[in-house]
Structures are given as C-alpha cells and as structure tokens.
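**Q** Taking the hints into account, I'd like the entire structure generated from these sequences.
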Amino acid sequence: MSELQDLENKSLYIIREAYAEFKKPAVLWSTGKDSTAALWLCRKAFLGEIPFPVIHIDTGYKFKQMYKFRDAIAAEWGLDLIVAENEEARKAGVGPQTGKFECCTQLKTQALMQCLGENGFDALILAIRRDEHGIRAKERYFSPRDEDFRWNYKDQPLEMWDQYQGITEDKTHTRVHPILHWRELDVWEYVKQEGIPINPMYFARDGKRYRSLGCEPCTSTIDSDAKTIDEIVEELRTTKIAERSGRAQDKERSFTMQKLRALGYM
Amino acid sequence: MNVNVVIIGHVDHGKSTLIGRLLYDSESVTEGRVEEIQKLAEEYKKRFEFAYFIDSFDDELKEERTIDTTGVMFKGQKNLYSITDVPGHKEFIKNMLTGASHADVAVLVVAADEGIQEQTGRHAFLINMLGIKQLLVVVNKMDIVDYKQEVFQAIKSGVSKLLASLGYSNIEFIPASAMEGDNIYKPSPRMKWYGGPTLIQILDEVEVSKELRPLRFVIQDTYTVDSERVVVGRVESGTLRRGDEVIFQPSGVRGEIRKIKVFQGELERAEQGDSIGIVLDREVKRGDVCGLVEAPPVPTEEFLGEAVLLENKLRRGDTLELRCGTRRVCCEIKEIREKINSETGEIVERQPAEIGENEAATILFATEPLVVEKFSEIPELGRFILVRDRNIGAGVVLETGI
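Quick mapping for you: the protein sequence lines, in order, are chains A and B.
Residue numbers for the first sequence follow this note's numbering, beginning at 482 and rising by one.
Residue numbers for the second sequence follow this note's numbering, beginning at 51 and rising by one.
FYI, nobody ran anything at the bench for these hints, they're computed from the structure.
Don't take every hint at face value.
As the list claims (entries may be wrong) - Pairs of lysine-lysine residues, derived as DSBU-like cross-links and limited to a Cα-Cα distance of at most 30 angstroms, are as follows: (1) Lys652(A) x Lys335(B); (2) Lys708(A) x Lys721(A); (3) Lys89(B) x Lys635(A); (4) Lys525(A) x Lys125(B); (5) Lys89(B) x Lys673(A); (6) Lys505(A) x Lys335(B); (7) Lys721(A) x Lys198(B); (8) Lys708(A) x Lys125(B); (9) Lys335(B) x Lys673(A).
**A** Right under this line is the structure:
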C-alpha cells in the first residue's frame, strides 16, 4: 500500500467516525489547498455528495481569486455553502490596522462562534496539520471545546487506537482533524494524484508564489519559480523555509498562535 | 516506508532533546527556527536547548518539561519517520499512551547519570502491554559521565534485566549524548570503545510487516448512494473479495459481498487498512464485525483483559462503557483478578476490590455481546477503551470465551 493510500484510509475512517458520532457536523473551508483536499476526502468518504454544510469564514480581507475559486468549486461539487462573517465587527472597523491578534479573533474566531450559535453544529471538521506549527503538533484528531471555544490543551483526552473522545458533559462542540497526520508535501502529492482543483495563486508568477493562503493584508509571497504541481513538490523536497513563513499571525510574538488557539482559533 | 517511532523514558532523561537533535542533524529544521529558539531562550532566560524544537507550549518552556505528546515527521536515509515525543512525568501517562498507541518501534531513553527511574519501568511496561515488540535503548547523557564504558555497561545490565522480566530479549543499547550529538545521527568520536551503529542507523533498518490473518471488516455506517445501500468501514485484518460469503457478528447476519465500492469506482478486493464501502444482499449495522464464513468472528459476553486506568477508580461490580472497533457496549467489572505494579509488571495484589489512577490490573469483563479477539492474534480487535463520559482507561484482550 502506498504512503498516500495509508494517509487517505485513515482520513476517511476519521471523517466517517465523526459523521456517525455527531448529530450536526460541518466542515470548514478556507479555499486553500489543505481544506480543499479535506473536502475532496469528505466526498470520497461519502462516495459522492458531502451530507453536511461547508462553512467559509469570510473576513472580507480575502484575495479576490479566493472568492472566485470558492464559488466555482461550490457550484461544481454541489456544496451546501455557508458564508460566515462577523458583520458587526467589520462595521465597527476591526481590521489588520487595529491589531492582528484582535483582527484574527474578531473576524475569524468570533465569526465562527456566531455561525455555530446560529446553526447548532456540534462538530467542525478542520484541515489543520501537525507539521504546520508546533502548537498544532499537540492536537488530537477529536479535540473537544467548551461553549467559549476554549481549547484546554493542558488536559486533552486519551486518544488511542482510533478511539476518539465523544462529546462530554462539559463540552459543546468537537474539532475534528482528519488530515492532522499529513505533511505539506503529502497534500501536494495527493492533489496531483487525485487531480484536485487548486487555487492558481499557489503557482509562481514573476518569480513569486503563495505557499499558504490567508487574508490579503497578512499573507505574503515566497520567492519561487514553481509553476506546476510537480515543481511545487520538487521545491518542497529541498526547501528549508517554513510553510507559514508568509503568515503574519504566527510570528508577531512568541506564543501568539498558542494564545489564538486557546481562544478557539483554528 | 512509514515508520512510527515513540520516544519513551523518565522525565528529564532527554527525550525531547533527542528528537530535537535528530531534526537538527538530519537538517529537517526550517530556516530561522534556530534563531527563533535562541530568541525564546533569551526571553525565558534559559540556555539554548534542542528540546525547544518540539516543546511548543508556553508552560513547557517555563517548566522545562513536556506536558503533552507531539508528533514530528522527518526523512531518514531510508524510512519516513513519524516521531512521537511523550511526557515522562507520571501525571501525564494519559498523554503518553495517546502518543504511543500507534508506534511500530519504541526508543527507551535512560540517562547515564540517573539510570532506571520510576517512569523507565512504567513506560516499558505500557509499551509491552500495547504490543510494541520492537524496542531499543538509548543510554543518554554520556557526556555527564565522561563517556565512561563502565557506566554504560552497568546501566545496560540493569535495564536488560528489567526488560527481560517483561519478555524483551536481544535488545540493542546505544551509548549517546543527545545534547552533544554523540551516536544519535553521527557516530561519536568520544566513545571509540562502542563501535556499534548510531540510533538513526538502527531505525533505518526497521521493517514494519503485516502478517497474514483472517478477514475482519468493521462497520462504521450505512449510506445511501445513488439509491443503493452502501455499508462503509475498514478492513482491520485480512483480505475482502467481491463474491465472498461472509457473516456479521454479533448480529449473526450472513450475506454475500456483491460489490466493493469506493468514490467513483469499484474494487475486486480490499486489503488490511482499506477504508471502503460494500454492497450486500442483507441489512447490517454499525458495530458489527464481518468475517469469512470459514473463519468467522465469534461474539462473546465475557473476556479477560489487562487494562490500565488513567482517571477515576474502578471497583468490582462497576458498570461502564467499553469500546472495541466501532462497537460500544455496557460492561460490568465482574472480577479484578490481579493488581499489577505498572513500574515492574509484578503482581501486587490478588482479587482487590478496586484499582485507582495509573494502576493496571487483569480484569474479567461481562459485556453485552460483542466481537473481541485475543490481542496476540488480531490486535486491531483485541484492544479496547473504557469510557465514563471521558475516555478513562485502555486495555488489551488476553482470553476470550471463558
């Protein structure tokens, strides 16, 4: 069995367990490569249509190409798309200029919290990976959250042999991480193998490309000549640059990511 | 090949440092990360440590100990490794088991200046209970004992004895210093008396083999796809073929595999590990286990298990939930046969009325009908967890059909 097949088999198992365990799941989709691969895995898990909603958190600061890509794929795959935004905060002028920590918390975490409140989802499928960030390397496949979204990273559940923690009395929703065990390189090789559609912003133009996609003001390009998936795979085999080096919220100060995640950030 | 490695051992014997060293010497550390860690070390008024590559909680740096398990991936010469770091402190055994449960190989780290300590024995005991047969020992911090061969030999003989009592023999021992880089990724010029392989050389020789075993297909759910009923699940062991005559337990339903379905296609056969769908001539449900009629799964209502409890107490006569595969049943603690010292594996008490946190025991479970297998025969269906709202314990099946 190939390594990618191993990874996929485990992801399908996790997605099916989540669907059997929870009453009202949903999957988060940023339109980036990881969450698009996760949507693809959901389609494979259910042998066709995804039987639950797909949430896109719209900060209003995303790249134009991301919206275009989102709407095209949503139509092609027949997604039940929910666009979640924190309108109030946006009207009040919250943005990158008012502080990155505040901006991420208000426009992403709060927007998601409102969406959960309105729809009553008890599980959110998220495409985070262990190798993206030290703090994500600590995550469980099923990670319970309380009503304030807090991640109690000091007391995480026992998770052995694909036996995941269900909803406990003191928790209100669970984050499900079906591609936690994948590396960045695996995602690209899988995208290639499966022919998964991908936002063209990942491919180099004029010597620059995006390696990780976020909001326009806080995401920068890397130097790269990789114009195809094969060239990206080749680049990743040799690079020493961190994947999220172009993402401002990871770097502002030590443990920003831990603090954001403890408050419910993805 | 994908190889899952777990690094175990007592607190402060250098597990995180060893992984940091592996990442650093194999050039798997991203640009700027070394500078970032130097900055962090200054901020926390600490000296630069390789452990900081993986200890990423604020509190972990402050307290200088690993709290939760971490998974990192890197490529050796031959194998692709998922290395799992686990906490070495007793209060975090739950996190240790979470990290260790999927390992193919365990590396036991013992500090040369301290030798065997409480978690050295307990981790070795738990690794053995988890059925991890490939184990090797790194005698770390050799720099502190001036790289002396006598110190290494003394620790080797003590640890060999401990491991032999658990059933491990012919274990490889490596004298090393993760801090200084001796015998982890590069051979040590300071221990010429050793002359054996480095840690990475031994790991690169590891092979993970799958044994031939009877078919067990575990059912997760039933979906309707294009007005066809598709039963989804995973082949836990053996091979499933189109046309196979099968039986599902504990429901007792017999049927024929009409189709094996995957997204946008069909298969003739599916192997161990495959997540698939099947189309049958009968209705079955989540929790059932499917096998061939010739080698069927047998439902049981009583079995003997060895379990470790991580939270709460477990008393004779208690009822709680037990999960094996996708089946969830109510079970009763019919008898606690032997309480086991999880540091040494010795029996400390027969027929105790209860066991407490971090204690292990052989237990007779009475359950609603379910399929379990002896852990030594089909491990995927020979392990279970115990649930009381939270996942509180885990165990393996020693005997069925008692």
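**Q** Let me make sure I understand: some of the numbered hints might not hold for this structure. Which ones are they, in numerical order?
**A** 5, 7, 9
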